[in-house]
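Trainee: Assemble the complex: chain A is given as a structure, and chains B and C must be docked to it using the hints.
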Amino acid sequence: MNAPAGINDVAPLLEVRNLVKYFPVQRGLLKRTVGQVKAVDDVSFSVMRGETFGLVGESGCGKSTTARLVLKLMSSTSGQIFFQGNDITHLEGEDVRKLRADMQIVFQDPYASLNPRMTVRQIIAEPMIVQGVPKDQANARVDDLLVTCGLAVEHGSRYPHEFSGGQRQRVGVARALANKPQLIFLDEPVSALDVSIQAQIVNLLEDLQKEMDLTYVFIAHDLSVVAHISDRIGVMYLGKIVETGTREQVFSHPSHPYTKALLSAVPLPDPRQERERKRDRIVLQGDIPSPANPPSGCRFRTRCWKATDLCAAQEPLLVTPAGATHPVACHFPE
Amino acid sequence: MPTGDVLLSVRDLRTYFHTDEGVVKAVDGVSFDVHAGEVLGIVGESGSGKSVTAMSVLGLIPVPPGRIETGQIMWKGQDLLTLSDKELRRIRGGEIAMIFQDPMSSLNPVYTIGNQIEEMIRTHQDMSRAAARKKSIDMLGLVGIPNPGDRVDDYPHQFSGGMRQRAMIAMALACEPQLLICDEPTTALDVTVQAQVLEVIENSAKQLGAAILLITHDLGVVAGLTDRVMVMYGGQVVEKAEVEDLYYKARMPYTWGLLKSIPRVDQLGGGRLEPIPGAPPLMSRPPAGCRFSPRCTYAIPACSAAVPELVPVGGAGESHEARCIRVGEAGFSDNAPVFADSGADSGAAQ
Amino acid sequence: MTFQMHENVSLAGDDVAEMARLTYWQDVRKRFFRNKIAVIGLVMLAAMVLVAIVGPFLTPGDYKSARNIPDLPRRLFNEAGIFGTDQLGRNLWHRCIRGIGISLRLAVSVALISTVVGMVFGGLAGYIGGWVDSLISRIIEMIYSIPYVLIGIAAIAIFGSSFYTVMFTLIFTGWVGTARLFRASVLQIRSNDYIEAARATGAATPRILLSHVLPNALPPIIVSIAFAISGAILSESIYSFLGIGFIEPTPALGVMIRDARTQFQPYPHLLWVPASILIWLTLSIVFIGDGLRDALDPKMRGVD
Chain A
1 MNAPAGINDV APLLEVRNLV KYFPVQRGLL KRTVGQVKAV DDVSFSVMRG ETFGLVGESG
61 CGKSTTARLV LKLMSSTSGQ IFFQGNDITH LEGEDVRKLR ADMQIVFQDP YASLNPRMTV
121 RQIIAEPMIV QGVPKDQANA RVDDLLVTCG LAVEHGSRYP HEFSGGQRQR VGVARALANK
181 PQLIFLDEPV SALDVSIQAQ IVNLLEDLQK EMDLTYVFIA HDLSVVAHIS DRIGVMYLGK
241 IVETGTREQV FSHPSHPYTK ALLSAVPLPD PRQERERKRD RIVLQGDIPS PANPPSGCRF
301 RTRCWKATDL CAAQEPLLVT PAGATHPVAC HFPE
Chain B
1001 MPTGDVLLSV RDLRTYFHTD EGVVKAVDGV SFDVHAGEVL GIVGESGSGK SVTAMSVLGL
1061 IPVPPGRIET GQIMWKGQDL LTLSDKELRR IRGGEIAMIF QDPMSSLNPV YTIGNQIEEM
1121 IRTHQDMSRA AARKKSIDML GLVGIPNPGD RVDDYPHQFS GGMRQRAMIA MALACEPQLL
1181 ICDEPTTALD VTVQAQVLEV IENSAKQLGA AILLITHDLG VVAGLTDRVM VMYGGQVVEK
1241 AEVEDLYYKA RMPYTWGLLK SIPRVDQLGG GRLEPIPGAP PLMSRPPAGC RFSPRCTYAI
1301 PACSAAVPEL VPVGGAGESH EARCIRVGEA GFSDNAPVFA DSGADSGAAQ
Chain C
2001 MTFQMHENVS LAGDDVAEMA RLTYWQDVRK RFFRNKIAVI GLVMLAAMVL VAIVGPFLTP
2061 GDYKSARNIP DLPRRLFNEA GIFGTDQLGR NLWHRCIRGI GISLRLAVSV ALISTVVGMV
2121 FGGLAGYIGG WVDSLISRII EMIYSIPYVL IGIAAIAIFG SSFYTVMFTL IFTGWVGTAR
2181 LFRASVLQIR SNDYIEAARA TGAATPRILL SHVLPNALPP IIVSIAFAIS GAILSESIYS
2241 FLGIGFIEPT PALGVMIRDA RTQFQPYPHL LWVPASILIW LTLSIVFIGD GLRDALDPKM
2301 RGVD
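Chains as they are written, first to last, in my numbering: chain A, 1 to 334; chain B, 1001 to 1350; chain C, 2001 to 2304.
Excised from the complex, chain A in its bound form (with noise of 0.2 Å):
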């Protein structure tokens, strides 16, 4: 959970403790609640200074909820969230808006995240008149942003319709940078991409973060891209994260049976590799539960080929084993 052996202690920019995110299901004219959805169940990770963080999980496991509740676009149901060191958990109103200028969100869709019926110029150019910043000031660091991210000043009157998916997923960064944030979630950036085009907006993001200091947590489904851009890795599964550590240490060695399981699905595109991996393939059986009446507790025990009677009835921690190089929820690592 913490950053390895090496780097000193300076404190995290980001710093979540037990997020907790129960959604209420509701049934009834009167719509009494009968039960929970717990998207988000004790969360806790860090993040560095100019580091890339990348929290990957496939649908449902609460990623995209949980940088939804430290951007505070949701509210927790309980938990703490610390940004630059002052606990942020209870902002209201001013305060919050104020915070964002300093985190920003880039969302997966380039075709819904751009309203349609403004140019790119006043979608870019709005974070910074909703903080109070001049017009003529916005506007001529709407021309730079463009520049910056690779489009030209005269895209700036155009409208979002007239654009391919890359470039206004473009745009979208380019809003994001709009402020100057320090902290920037990147909600699959790439996904709804071209592969060719991916690879573009990729470095983009990786020469940005060089440039101008910038801290992303990227959240993605495709372990491909996480790979290549994060140095610090989450892995979550249906609302826990099950391991955390560098780059290295999750992917070249996996302790946790369903990051096992995630990497071994990977398909690379290598041919001869291919083959021999599909014939050690782990193909996870059954279905992932739902997060309405997850499994007691660890929560992949259903899926799990180690499960014994412990795992169900006692929940694993997130702790480092002895003898190994980072944390992982389970009873028997790797």
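Check before you lean on any hint, since a few could be wrong.
Stated by the list, open to error - Heads up, simulated PhoX-like pairs for lysine-lysine below, C-alpha to C-alpha not over 25 Å straight-line:
no., chain 1, residue 1, chain 2, residue 2
1, A, Lys306, A, Lys278
2, A, Lys210, A, Lys180
3, A, Lys210, B, Lys1260
4, B, Lys1206, A, Lys278
5, B, Lys1206, B, Lys1134
6, A, Lys98, A, Lys135
7, B, Lys1076, B, Lys1206
8, A, Lys260, A, Lys306
9, B, Lys1260, A, Lys278
Because the hints were derived from the structure by calculation, they are not lab data.
Mentor: Relative to chain A, chains B and C alone:
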């Protein structure tokens, strides 16, 4: 080298869409064969025409605004384009079946899965209801759905995403078609579910002896599943080869670009990605000459003069073709991406 | 703070430069005017409006006085005028053009007011959600389930018959349709990422509603205004016909049709003329509404 007979033979297929903004040449001169029992992959990005090609084979193109302008689609000797609707319907589902990306929109929510499979069976085969029901339960079992006897009476919404895709596969294979066309079957699925579904497709098709035409943009999926691959760009086939030749000995710059731009989960932080600059072309106004030339790092003036032909490369005969005028140049293929283990002794010359 | 541009994203062959440079509204206009039926509707309506406005000046006369000129045949085209006279000797032409004016004025004001009311409630229900949505939706359902004729009868019984009673009743029953439509629109828009993006920049709710939700929710509302107008014309006529709206001597079209029922045998034109005008009016607006709906439909952009 594929050994089976040629089942499907597409020759010079051109499917155009007539829209407000002009004629969109979605498929512009595509030819390929599918042999019995083989797995042929069609790889391409959006706008490459791969899905339209598949839909054209089965006559699923909406006729205005689309139209198959020219071409032949020979299925076991018969040109599908000359068949009447009725004859085509007999072949659809019965001999050639198709599965799509989104199972939820391909399955009718108001009928049980069993009903839908039975209907499929009884449309093409003379079977009693009881026999059809038993067959559908067998098919559900074949695709790995647990308790098929119970689940056959469930509705689509009672299945999870991966299960629904399996149900679709069961439905498609129910009449034991000889060719299964899969259009981005796992794109919308999580990676562990994708692994399950691909395994099901491969095993059940093999068990029934069906050939597979797999359409995808995912080069990883293609590497694992296919025998031969066709790369499409701008409505044309730009490279065609056996799978190992395509990855390790690609000859077309677009293929290189694709291979160099994808990150690999086993190559952590393996240096900067090399993207292909620009964006895929608008098929309403394709570029002059080679469709890829505006984005190609190796383009020379002759590239935009005329569309290059698809020519065989090296000594591979017909089995490896590429559409690039520079393919014969000495040393040009040194620009191909290097794979750590692709060694020169890969039983190449094929 | 400018940097070197990263990998110049040359717009692949200047595609964007030459792509449809039409703004959304230009495209809408183009598609509307290409729709023959819509243009016909527009012309029909324009003709009606012209007649209603200019008519009284070009052909001055009065619609109220009943002149019992015994030898004036009660038929179409007599000396009194184009449409002849009715059973009381009143000039049908003048009654009709006044009738058009009444119908249009009423219908347009009803449509606009009920649309605004509907947008306010529908917007609140859709955007805020929760108990606000439940409350407003239940109210909408209640009003929706009562036949509007009954509401009209109740209103007349309480407030007596007048232009304003009819208008109020029509607004009271009319806002619910728009509210449901707008609520659905707002709900759909709210789920788009760009709304969340706006929240993530720190924009406050009023700004989001005005700059983001409203411009995108407007197109279906425009269509619904058109249909609200035609609906109001018909509803008002039905009220008048049933005797719970306008009454004599107001020359509302419904009133004239009602009167003509008893006079049908000897004087069929007393029915045909106002009925035809009613049909003409309603149809023209429906044509326009249909045309607007097609023109505004984003899915049909650029498809022939």
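Trainee: Run every hint past the structure and note whether it holds.
Mentor: Here's how the hints hold up against the structure:
no. : hint                     : result
1   : A:Lys306 with A:Lys278   : 20 Å, holds
2   : A:Lys210 with A:Lys180   : 14 Å, holds
3   : A:Lys210 with B:Lys1260  : 22 Å, holds
4   : B:Lys1206 with A:Lys278  : 16 Å, holds
5   : B:Lys1206 with B:Lys1134 : 21 Å, holds
6   : A:Lys98 with A:Lys135    : 18 Å, holds
7   : B:Lys1076 with B:Lys1206 : 20 Å, holds
8   : A:Lys260 with A:Lys306   : 12 Å, holds
9   : B:Lys1260 with A:Lys278  : 23 Å, holds
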